[in-house]
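Participant: The whole structure should be built from the sequences, with the hints applied where relevant.
Same order as they appear, the protein sequences are chains A and B.
Residue 4 is where the first sequence starts when you use this note's numbering, and the numbers rise one by one after that.
Residue 5 is where the second sequence starts when you use this note's numbering, and the numbers rise one by one after that.
This list has only true hints and no planted wrong ones.
Selected chain B positions facing chain A (in silico; Cβ < 7 Å):
hint, residue
1, D404
2, K467
3, A469
4, A488
5, E489
6, T491
7, M496
Within a straight-line C-alpha distance of at most 30 Å, the following computed DSS-like cross-link-like pairs (lysine-lysine) qualify:
hint, chain 1, residue 1, chain 2, residue 2
8, B, K405, A, K234
9, B, K470, A, K26
10, A, K26, B, K539
11, B, K470, A, K343
12, B, K405, A, K26
13, A, K140, A, K175
14, B, K405, A, K11
15, B, K386, B, K427
16, A, K328, B, K481
17, B, K205, B, K248
18, B, K234, B, K631
19, A, K343, B, K350
20, A, K368, B, K481
21, B, K470, A, K328
22, B, K528, A, K26
None of these hints come from the bench; they were simulated from the model.
The beta-carbon is built from N, C-alpha and C at its ideal position, and this holds for glycine as well.
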Amino acid sequence: MEVLSPYKEATDVILEAGGEPLKLCYQCGLCTGICPWNLVRSFVVRRIMHEAQLGATDFGSEDVWTCVTCGACVQRCPRGVEIIDVMRAIRRAVASLGIGVVPDALRISAKNIAGVGNPLGEAPEKRDDWAKDLKVKIFASGTEILYFPCCVPSYDPDVKTVARSTATIFNKLGIDYGLIGTEAKCCGESIRKAGYEDTFQSLAQNNINLFTSKGVKTVVVSSPHCYHTFKNEYPELGGKFEVIHITQYLASLIEQGKLKLSKKINKKVIYSDPCYLGRHNGVYDEPRRVLQSIPGLELIEFPDAREDALCCGGGGGRIWMDTPKGERFSDIRVEQALEKGADTIAVACPYCFLNYRDSVLTLGKSEVIEVKDISEIVAEAMTEE
Amino acid sequence: MEEIKIGVYVCHCGVNIAATVDVEEVARYAGTLSGVVLSRDYVFMCSDPGQGLIRKDIKEYDLNRVIVASCSPRLHELTFRRVCESAGLNRYLFEMVNIREQCSWTNEDKEANTEKAKALVDAAVRRVHYQEALEVKEAPYNTDTLIVGGGIAGIQAALEIANSEHKAYLVEREPSIGGHMIQLDKTFPTLDCSQCILTPKMSEVGSHPYIELLAYSEVEEVSGYVGNFKVRIRKKARHVDENKCTGCGVCMQKCPYTTDSEFEVGLAKRKAAYIPFPQAVPNVATVDPDICIYIKSEGKKCGACIKFCEAGAITAETLLHQTDEIIEVEVGSIILATGFSLMDPKLIPQYGYGEYENVITGLEFERIVSPTGPTGGKIQLKDGHEPESVAIVHCVGSRDKNYHEYCSRICCMYALKQAHYIKEELPNTDVYQLYIDMRSFGDGYEEFYERLCEEGVNFVRGKVAKVTDQAISDEEKEKLIVVAEDTLLGRMIRIPVDMVILCNAVEPQADAGGVASRFTVNQKATGFFLERHPKLDPVATPTEGVFVAGCCQSPKDIPDTVAQASAAAARILAMISKGRIILEAAVSVIDEEKCSGCKICLSLCPFSAISYDEEKGVCQINEALCKGCGVCAGACPSAAITARQFTNEEIVAQVEGVLV
Numbered sequence: 004m005e006v007l008s009p010y011k012e013a014t015d016v017i018l019e020a021g022g023e024p025l026k027l028c029y030q031c032g033l034c035t036g037i038c039p040w041n042l043v044r045s046f047v048v049r050r051i052m053h054e055a056q057l058g059a060t061d062f063g064s065e066d067v068w069t070c071v072t073c074g075a076c077v078q079r080c081p082r083g084v085e086i087i088d089v090m091r092a093i094r095r096a097v098a099s100l101g102i103g104v105v106p107d108a109l110r111i112s113a114k115n116i117a118g119v120g121n122p123l124g125e126a127p128e129k130r131d132d133w134a135k136d137l138k139v140k141i142f143a144s145g146t147e148i149l150y151f152p153c154c155v156p157s158y159d160p161d162v163k164t165v166a167r168s169t170a171t172i173f174n175k176l177g178i179d180y181g182l183i184g185t186e187a188k189c190c191g192e193s194i195r196k197a198g199y200e201d202t203f204q205s206l207a208q209n210n211i212n213l214f215t216s217k218g219v220k221t222v223v224v225s226s227p228h229c230y231h232t233f234k235n236e237y238p239e240l241g242g243k244f245e246v247i248h249i250t251q252y253l254a255s256l257i258e259q260g261k262l263k264l265s266k267k268i269n270k271k272v273i274y275s276d277p278c279y280l281g282r283h284n285g286v287y288d289e290p291r292r293v294l295q296s297i298p299g300l301e302l303i304e305f306p307d308a309r310e311d312a313l314c315c316g317g318g319g320g321r322i323w324m325d326t327p328k329g330e331r332f333s334d335i336r337v338e339q340a341l342e343k344g345a346d347t348i349a350v351a352c353p354y355c356f357l358n359y360r361d362s363v364l365t366l367g368k369s370e371v372i373e374v375k376d377i378s379e380i381v382a383e384a385m386t387e388e
Numbered sequence: 005m006e007e008i009k010i011g012v013y014v015c016h017c018g019v020n021i022a023a024t025v026d027v028e029e030v031a032r033y034a035g036t037l038s039g040v041v042l043s044r045d046y047v048f049m050c051s052d053p054g055q056g057l058i059r060k061d062i063k064e065y066d067l068n069r070v071i072v073a074s075c076s077p078r079l080h081e082l083t084f085r086r087v088c089e090s091a092g093l094n095r096y097l098f099e100m101v102n103i104r105e106q107c108s109w110t111n112e113d114k115e116a117n118t119e120k121a122k123a124l125v126d127a128a129v130r131r132v133h134y135q136e137a138l139e140v141k142e143a144p145y146n147t148d149t150l151i152v153g154g155g156i157a158g159i160q161a162a163l164e165i166a167n168s169e170h171k172a173y174l175v176e177r178e179p180s181i182g183g184h185m186i187q188l189d190k191t192f193p194t195l196d197c198s199q200c201i202l203t204p205k206m207s208e209v210g211s212h213p214y215i216e217l218l219a220y221s222e223v224e225e226v227s228g229y230v231g232n233f234k235v236r237i238r239k240k241a242r243h244v245d246e247n248k249c250t251g252c253g254v255c256m257q258k259c260p261y262t263t264d265s266e267f268e269v270g271l272a273k274r275k276a277a278y279i280p281f282p283q284a285v286p287n288v289a290t291v292d293p294d295i296c297i298y299i300k301s302e303g304k305k306c307g308a309c310i311k312f313c314e315a316g317a318i319t320a321e322t323l324l325h326q327t328d329e330i331i332e333v334e335v336g337s338i339i340l341a342t343g344f345s346l347m348d349p350k351l352i353p354q355y356g357y358g359e360y361e362n363v364i365t366g367l368e369f370e371r372i373v374s375p376t377g378p379t380g381g382k383i384q385l386k387d388g389h390e391p392e393s394v395a396i397v398h399c400v401g402s403r404d405k406n407y408h409e410y411c412s413r414i415c416c417m418y419a420l421k422q423a424h425y426i427k428e429e430l431p432n433t434d435v436y437q438l439y440i441d442m443r444s445f446g447d448g449y450e451e452f453y454e455r456l457c458e459e460g461v462n463f464v465r466g467k468v469a470k471v472t473d474q475a476i477s478d479e480e481k482e483k484l485i486v487v488a489e490d491t492l493l494g495r496m497i498r499i500p501v502d503m504v505i506l507c508n509a510v511e512p513q514a515d516a517g518g519v520a521s522r523f524t525v526n527q528k529a530t531g532f533f534l535e536r537h538p539k540l541d542p543v544a545t546p547t548e549g550v551f552v553a554g555c556c557q558s559p560k561d562i563p564d565t566v567a568q569a570s571a572a573a574a575r576i577l578a579m580i581s582k583g584r585i586i587l588e589a590a591v592s593v594i595d596e597e598k599c600s601g602c603k604i605c606l607s608l609c610p611f612s613a614i615s616y617d618e619e620k621g622v623c624q625i626n627e628a629l630c631k632g633c634g635v636c637a638g639a640c641p642s643a644a645i646t647a648r649q650f651t652n653e654e655i656v657a658q659v660e661g662v663l664v
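Facilitator: See the structure below:
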């Protein structure tokens with residue numbers, strides 16, 4: 004290995020792309036120690052920070068795309084370094100400036116998002132097809148709530164049960180809600196983390212203009228990723244709405260006595276805190292309150308829960324990328340769930356849904372454990388009118 | 005009226021002012037103003053030649069007003085006041101204009117800054133026409149001193165003062181003095197036995213003719229001002245007659261009731277009737293009313309100590325009827341030496357403190373290793389076995405924005421010391437230091453670090469991510485596993501050990517806020533007490549007469565603590581030697597004829613300097629307590645209060661100077 008010389012130009016590129024936080028890093032290594040990747044392979048987060056400090060970043064490395072943005076490192080970093088922002092800045096340098104090469108799977112998803120407004124590459128006109136037979140109206144000025152299901156429940160044949168369950172619950176309760184329509188585009192949270200800043204800006208502007216022009220005041224979302232970007236990133240771009248995650252909304256309906264759950268669900272349900280609901284946004288209690296309100300349901304906790312919850316592996320754009328067997332966090336989670344005696348994994352995020360479903364399948368455990376979104380369980384437990 | 009003759013001096017302050025203010029122009033302009041007899045610019049006004057200029061001019065030109073346009077008055081107002089005084093001009097006929105912090109340092113626009121400086125000088129020139137000479141008063145300085153806190157800092161300060169044959173009160177809230185230092189086994193880097201070097205000092209304090217030791221006591225209220233403080237101290241009831249108690253310890257032996265020992269950091273129990281440790285000073289027993297069944301049952305149950313106390317120091321009378329004593333003392337100076345506390349590691353659940361019994365703190369380990377401690381000095385796990393391996397984790401809650409951003413300063417060194425304890429007693433036990441940096445900054449410290457390397461301690465650079473008992477291999481079974489990245493290797497490391505010692509953060513005492521307000525000192529953002537200047541005045545506080553020493557000001561080791569204690573004592577001895585305090589004369593005064601007795605001023609005064617005279621029906625200002633803030637003068641509806649040096653005429657004149 005040849006002797007290293009600091010290359011400030013590379014550092015400057017990363018700093019300008021949003022990597023300023025890297026200056027604070029004092030190389031303690033806590034990030035590496037806590038990063039879930041080190042349960043399955045070696046991923047030295049600290050070294051990436053230091054390489055960036057000296058301009059020695061290998062922009063062509065796989066590791067540029069490894070981070071799942073779960074936030075475990077940011078949460079504990081003693082210097083308060085926004086490590087995810089640094090990862091995003093390095094990716095932005097590759098994706099926008101073409102310094103390196105973007106992995107194929109990600110490139111295709113990015114193309115789809117930029118082209119047709121969703122990562123699956125499906126037709127925009129079909130965005131609301133999941134609701135065809137369900138009597139769901141389109142949001143108009145004066146409608147109380149906008150329901151924004153996320154691209155995955157909208158288009159994925161399995162995950163659309165999340166959107167359908169939610170609509171069913173709303174319909175039964177007579178909630179005044181509507182869908183924004185087929186002009187909606189992906190919220191952009193994950194593609195931004197993957198470094199496609201311009202794509203994100205364009206998606207956000209599209210959605211903000213759409214919502215604002217229709218007079219949207221309150222948005223209920225199924226995905227913690229949509230939650231995160233609508234709540235934390237859209238306001239500075241002009242999009243100021245009240246943002247509620249479906250589990251928070253259900254919890255408040257239960258508290259107000261409007262949502263009655265009387266059908267017994269005799270299951271041992273283990274709840275997996277989604278990174279973007281829990282660590283990133285501090286929502287831990289409401290999903291649990293909802294599950295605990297269901298008669299017959301025994302709520303179990305993972306050994307590492309709440310702030311310490313293990314990521315499913317879907318954030319940061321990695322939901323669109325392939326993770327080799329043996330390196331999948333969701334496999335570990337399924338094993339943990341089985342060890343705890345659970346027969347159901349309750350999720351509150353479409354990415355978790357996809358990853359756990361795949362893990363259960365590939366581990367051959369479909370007979371012993373199933374994956375259900377909280378909205379599905381609630382829909383099942385609802386009192387018949 | 006006397007003809008006003010003003011001398012104006014505009015300072016360059018090297019380039020600090022001259023770089024962004026045209027000082028020659030300001031001086032020239034000042035020379036054109038009414039009343040100004042001479043106007044100069046000079047490179048460093050605060051220097052000897054600069055001061056000499058003023059002195060010479062006052063005499064030669066018969067100046068009766070002096071204006072210096074330079075830095076902040078907080079820096080040199082006193083300097084120049086003294087210069088004027090030495091040349092025979094009353095110090096209150098001097099005015100300082102800040103054209104540095106408030107002008108030259110604010111931006112780079114020389115033209116704008118120069119105009120501003122001219123306006124400020126104009127304001128001062130108009131103002132000084134209305135200034136009056138004020139009489140400087142003095143008050144006597146009480147030669148007694150109060151020292152709060154009986155750890156090594158308080159003990160050192162008390163001895164310094166007492167050895168000069170002046171009286172010191174040493175107030176300590178625990179039953180014995182000694183603080184944290186008496187809990188240690190050895191001290192780095194010399195490995196002196198802590199108790200051996202401290203107990204002679206404690207003993208000296210206990211028997212010193214000039215020290216009044218008030219142990220098991222707390223200060224409740226402080227009033228007054230530098231040189232003349234009144235302090236109210238609560239001497240808590242020990243429920244033992246101190247004068248009769250011989251410290252024989254029989255009560256402790258016979259007492260059937262126990263609770264966690266504070267001295268042993270919860271690792272052992274003590275009795276309801278107890279002496280905290282064998283070398284306690286004062287060596288008298290205390291009965292804990294929260295645990296003593298006799299007291300709680302109002303005399304119906306137990307009473308074993310009464311039966312067995314041969315000296316008759318514990319009786320039904322002392323147990324049931326002895327009350328706290330209130331003692332009022334008058335002192336001239338106060339030293340706060342209240343020490344530190346340690347962060348609860350349960351706040352970082354990933355380290356397993358409270359979950360795994362063999363995860364302990366540094367102080368707990370110090371007690372384990374101490375010959376007088378809970379294991380008689382034997383290094384052992386909770387089940388009595390010897391550890392085969394120990395990990396010492398640095399920076400637990402320190403250097404961490406999530407807890408305390410600062411470095412606790414002492415841990416790197418005591419971590420090395422504790423590694424040495426282990427290697428000395430159990431040479432075959434592996435010791436791992438998990439660190440981010442090795443801070444061995446002091447005299448002999450780096451050599452001590454080298455010594456520990458020679459002793460075969462393993463150093464792994466990496467902040468510990470977690471401590472777990474979840475084994476993933478055979479070697480890890482039944483062990484505690486310390487998980488971190490070895491940053492020097494760039495690899496994850498899992499170290500199986502039997503015992504984990506956490507270097508938890510040094511924190512201010514839990515009641516530091518209450519103590520701070522009681523003594524009118526401030527806290528820094530970290531919670532430690534604020535010194536007057538971090539570099540040049542680390543033991544004084546902005547409150548005159550109140551000093552700080554030791555860890556209550558910031559984390560530090562014993563040498564630095566002792567140095568600060570001696571420094572604070574020296575400052576006080578200097579005041580005592582001078583014997584008098586000069587009172588600031590630019591304070592407020594009430595014209596009793598105009599005062600209507602509405603007491604608005606009294607309710608507003610932040611220094612409690614105003615009192616109401618019932619007989620006269622008017623308010624009066626204590627000139628010694630008054631800081632001249634002017635709040636009362638501003639609020640008085642009868643315009644009965646004059647804020648000396650800040651009269652309406654003076655202020656209006658300044659405003660005119662700036663605006664015109």
